[in-house]
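4 protein chains.
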Amino acid sequence: MIIVMEPGASPAQQQSVVARLEREGFKVHLSRGVERTIIGAIGDKTRLRAETLAALPGVEKVVPILQPYKLAGRDFHPEDTVIPVGGLTVGGPQVQIIAGPCAVESREQLLEVAVAVREAGATMLRGGAYKPRSSPYSFQGLAARGLEFLAEARATTGLPVVTEVMDPALVPEVATVADVLQIGSRNMQNFTLLQAAGRTSKPILLKRGLSATIEEWLLAAEYILSEGNSQVVLCERGIRTFETYTRNTLDLGAVPAVKHLSHLPVVVDPSHGTGRKFMVAPMARAALAAGADGLMIEVHPNPQEALSDGPQSLTPEQFSCLVKEIQPLIAASGRELGRLA
Amino acid sequence: MIIVMEPGASPAQQQSVVARLEREGFKVHLSRGVERTIIGAIGDKTRLRAETLAALPGVEKVVPILQPYKLAGRDFHPEDTVIPVGGLTVGGPQVQIIAGPCAVESREQLLEVAVAVREAGATMLRGGAYKPRSSPYSFQGLAARGLEFLAEARATTGLPVVTEVMDPALVPEVATVADVLQIGSRNMQNFTLLQAAGRTSKPILLKRGLSATIEEWLLAAEYILSEGNSQVVLCERGIRTFETYTRNTLDLGAVPAVKHLSHLPVVVDPSHGTGRKFMVAPMARAALAAGADGLMIEVHPNPQEALSDGPQSLTPEQFSCLVKEIQPLIAASGRELGRLA
Amino acid sequence: MIIVMEPGASPAQQQSVVARLEREGFKVHLSRGVERTIIGAIGDKTRLRAETLAALPGVEKVVPILQPYKLAGRDFHPEDTVIPVGGLTVGGPQVQIIAGPCAVESREQLLEVAVAVREAGATMLRGGAYKPRSSPYSFQGLAARGLEFLAEARATTGLPVVTEVMDPALVPEVATVADVLQIGSRNMQNFTLLQAAGRTSKPILLKRGLSATIEEWLLAAEYILSEGNSQVVLCERGIRTFETYTRNTLDLGAVPAVKHLSHLPVVVDPSHGTGRKFMVAPMARAALAAGADGLMIEVHPNPQEALSDGPQSLTPEQFSCLVKEIQPLIAASGRELGRLA
Amino acid sequence: MIIVMEPGASPAQQQSVVARLEREGFKVHLSRGVERTIIGAIGDKTRLRAETLAALPGVEKVVPILQPYKLAGRDFHPEDTVIPVGGLTVGGPQVQIIAGPCAVESREQLLEVAVAVREAGATMLRGGAYKPRSSPYSFQGLAARGLEFLAEARATTGLPVVTEVMDPALVPEVATVADVLQIGSRNMQNFTLLQAAGRTSKPILLKRGLSATIEEWLLAAEYILSEGNSQVVLCERGIRTFETYTRNTLDLGAVPAVKHLSHLPVVVDPSHGTGRKFMVAPMARAALAAGADGLMIEVHPNPQEALSDGPQSLTPEQFSCLVKEIQPLIAASGRELGRLA
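Chains as they are written, first to last, in our numbering: chain E, 1 to 341; chain X, 1 to 341; chain P, 1 to 341; chain G, 1 to 341.
One should not assume that every hint holds.
Identical copies look the same in the list; a pair holds intra-copy or inter-copy alike.
[To be verified] For lysine to any residue, the following SDA-like pairs were computed, each having C-alpha atoms within a straight-line distance of at most 20 Å:
#1 K61 with V4
#2 K324 with G291
#3 K277 with G228
#4 K61 with A50
#5 K61 with F278
#6 K27 with A341
Think of the hints as simulated: they come from the structure by calculation, not from any bench.
With these hints in hand, go ahead and build the complete structure from the sequences.
Written as structure tokens, this is what we have:
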């Protein structure tokens, strides 16, 4: 930790910072420049937070040196994490394609899509039984019945199921059906939910919050990891910026950045990341070229009747084209599409 | 609703949009321009969502005309909502000052601050027993014991208590102590929590999300209102922008904007909104000049020992100066500081 | 400057950083922590840029300690700068109100507004002869004729004139009429223009760029100051964020922040900062309460006929009300409205 | 254009809007809903601006239907624009790689890089003789001497030269050397410069502004096109967001979006878009997969001695690897790397 003192800080103020650091077991080095005095502190940073030091009189700013996450970082876990999901693996040489409707709307709708995406090459099924919606007047999902349909779709197609959970109290129920529990963007810092997810033994797909920095995203993963669940898949799905043409700004730079900072796998959701059907395929290609471990794509048998996210949903035919298009890209990068048993 | 067709949309595509609208009971008007055809639709917008129409082939964009919130909007509720809290009122001529520590750290700390802020002129006490923290390694609050200390501080000082709840399952417990239940920024779109809060009879202080538009904030309020709880106080606490000098960018324009769009009261938190002690007083003054119904300010007996938010916490002395400074401002605006019985 | 080495940096890499620093005359201190090695460097930072060091192998990040601006900062110029403009002063106890139309549209329009705002209490006249417009098809200003009308309006009313210059080649021409040269938001990092403005002896009103950090804004001022012109007035006019209800997000926190970091005066433009007429008065009050040295407000005799910025322009009557409303606020802060001879 | 009236708008106010529209030759249709009256207007939108209507009493909002740019849009120019540059073409089947140093620092540096990037596969040379720098104390470029070195490097290698111009007065001088004139991000809305560039017969590479929407970017292109120069290449180079890990957020979604809205070619600059060397190659691959017409990449013989942008500059060896890596990607997309005569 580096503590920069204000230009007019008194010797007593400097001494008080040094004393505080030493009291907490830090090794301290003081550098007096012409314009500023700088205090370097080496020790166990979990014992003293930067903001506590920043509140001391005479302190201009505190610069933390180490990353605030440990379990999610590469420093102490250099090798990639590979997560098994129903016979497949996420984070290794396989690329996974998670496809399906935004929301489970009916048994027929779900089964139709599930069969179609399986045929087209999808390796996992997505679909929300519980849906977070900005407006209380929008369709909120089929809840428990939606879970039943998901279980049936898995039985029919063999596709592992990725589905969202919003309420900490429902984590056990959703976990009975889900192969992967999804935590949505709006809940990325719902710490109660993160902890509940961390107490299960299911892989967790953690979507990046709309305005979450990469560091905050990895700290959210740390909440899950620190409860004992080491199976976290990160999902970039677009951030909020000033641009209004697209629904969100898909931050593909986050893919190599997260791969550099963390050992966790990263998948990309170009459907939410753009909000526009015609952009899904080019951004899916770009995501894989950037190094993503998989894709998450919304497919609906009849997008213009979809109860949510119609404008960004592909038809099964469009999805099938997309899968064909990305095959050479996957091959060119020395990877392979996941293969179900 | 206005539907703009693509330049090359076929007559069949136009007809299909019109048919869909008429099927849902809309009155339709079609305008053919040289470059675009535009379809106006009048009817019950809750029956057909803009995004469903946007997914129809040949549709370029859909422009909703009405605000998506009803209960939170001024259209059907033109007069200001005034919310009673322990003998005070929020949203009427009174200005309230909610002060106290970020987190309840101990019985002594809380009682010391509570007595000090009451003497300085605060009209409500803030303090978190449950704390949402970006890192799992930061202090997470005293939980149930924190609630006990808050109850004791209220008994001692007479100050109504504002405290945060993060877990839907804990809403009833926190509501036994809180005079006002706070929903924090990170949970502004935790819809399960909003609904749980809407089922209580307690006033809810709803903080704006870090990247929430004003519309999304009012829709979050709508979740609470639509459950039957009409007592929502909005709290502007800064939004996330590219500026890094301040912790957040305090959006004071949101105060007149929300007052224009909604009948709900609005208070401002200049502590989180700036993250810097020296900015709290000027931004508190500015908030009141912009028309805020109250302030929420972090005060700690010893900011440099605070377990959270030290750099933005005022000492009781600094807080006392701030209250003196804003008195003429309150008077000049024809309002008065709340007075406890 | 603090240099943080990567976890795996070799001793040779560390040595090469140290050697480079010493070669440039820096005093170096090396701290070896368990997880990172940190190198502190004290010396003349203008000789070696942080980004050069960041490019050295093994370097994780470089943290600059000193502010990159010198002339604009308070460190070496602690007292406030007070700038004389036509018998008035900006930055001292006086508050100035700069009012007038967005664009000079005709002799009649300008004279009518100038007389009206003078009567209502404005102390300077604004009006663009050269207008930066997002579209090449929008009204671009009356150019040289606009300047003539501004000169006539000053002769008639005695109000000093603030007007924008966009082209470095036109700085001398505009400076023959302007009492204050305005540099617009879009040109805040038009360095050629900043340098041309710095070579005049006129006060410069420097608007903050749409996405400029406070540091970049002060560096833009530094460009002007470093050419020898010490008369820079900063103008906060809103930044670009994700919020779309307002035209921009007025960052009033920038007022106390800039006052803390710099000795230069700051005025606020609530017209561009909000883009909505009904928000201009509350945000004007808030700006003064936050400590602004003045206001810049768009007034048009007939906003619905304005060739630009109609929705945010006040009528002369609305402007007159605003001036009356802010008088007690100015008095309460111990300041006074500028008074023309 | 759609005009939405306020809920309480009077019949007289509606009539006045209608009258104004008819006076300007618009065909008007009025729809009275239960909650709002909506006025549709069809006609020549260049005669009446949305903001003029928005300023009329009783108007809640105005929704423009047509894109504000004509020459840059696909509506009236459906086929892709292909721009010839020194025997190569931008915007057709060829992919171009523009490589070179951020700034021309010396004759030796430039020639060394030029030869190296040519050998590695670059098809154009970049290098700044005039450099826009945030600080007046940073290296500002070699100016006229830099242009001489660029001319010599072209003579030696055959690579066409892309170089920036910042001052409208210097456009003719820079155009004597440049094969492509670059307009930088900070000058994207320097309209005087755009017009000067539009009066030359050189292709213009127009970088997206740090906080420019796609619409504003295309309007900036429209400034150049409307002066008679139809050769504009757009360059996505990252936008400013809240994320601080990367220097900017590279918005690759802008590639398919611009291709959809406009006929102009788009290249991507992953060096500025990330600011970090290790991210340049993955984001270069992703840019091509998203459909970009070319890349712009910073290469320096010795990044740790670079006078600017060292941390994001590749060595010639790293650049050579990158070119090899992207070859299969280019082939897979049915395109080919540009080939110099």
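We went through each hint and held it up to the structure:
Proximity of K61 and V4 under a CA criterion of 20 Å is satisfied in both settings, with 5 Å inside one chain copy and 16 Å between copies. Taking the shortest alpha-carbon separations for K324 and G291, both the intra-copy value of 18 Å and the inter-copy value of 17 Å come in at or below 20 Å. In the homo-oligomer, the alpha carbons of K277 and G228 never lie at most 20 Å apart, since the shortest distance is 38 Å inside one protomer and 35 Å across protomers. For the homomeric pair K61 and A50, the shortest alpha-carbon distances inside one copy (9 Å) and between copies (18 Å) are both at most 20 Å.
In this homomeric assembly, K61 and F278 come within 20 Å of each other (Cα to Cα) only across copies, at 14 Å, whereas the closest approach inside a single copy is 47 Å. Taking CA atoms no more than 20 Å apart as the test, K27 paired with A341 passes in neither setting, with 56 Å inside one copy and 53 Å between copies.
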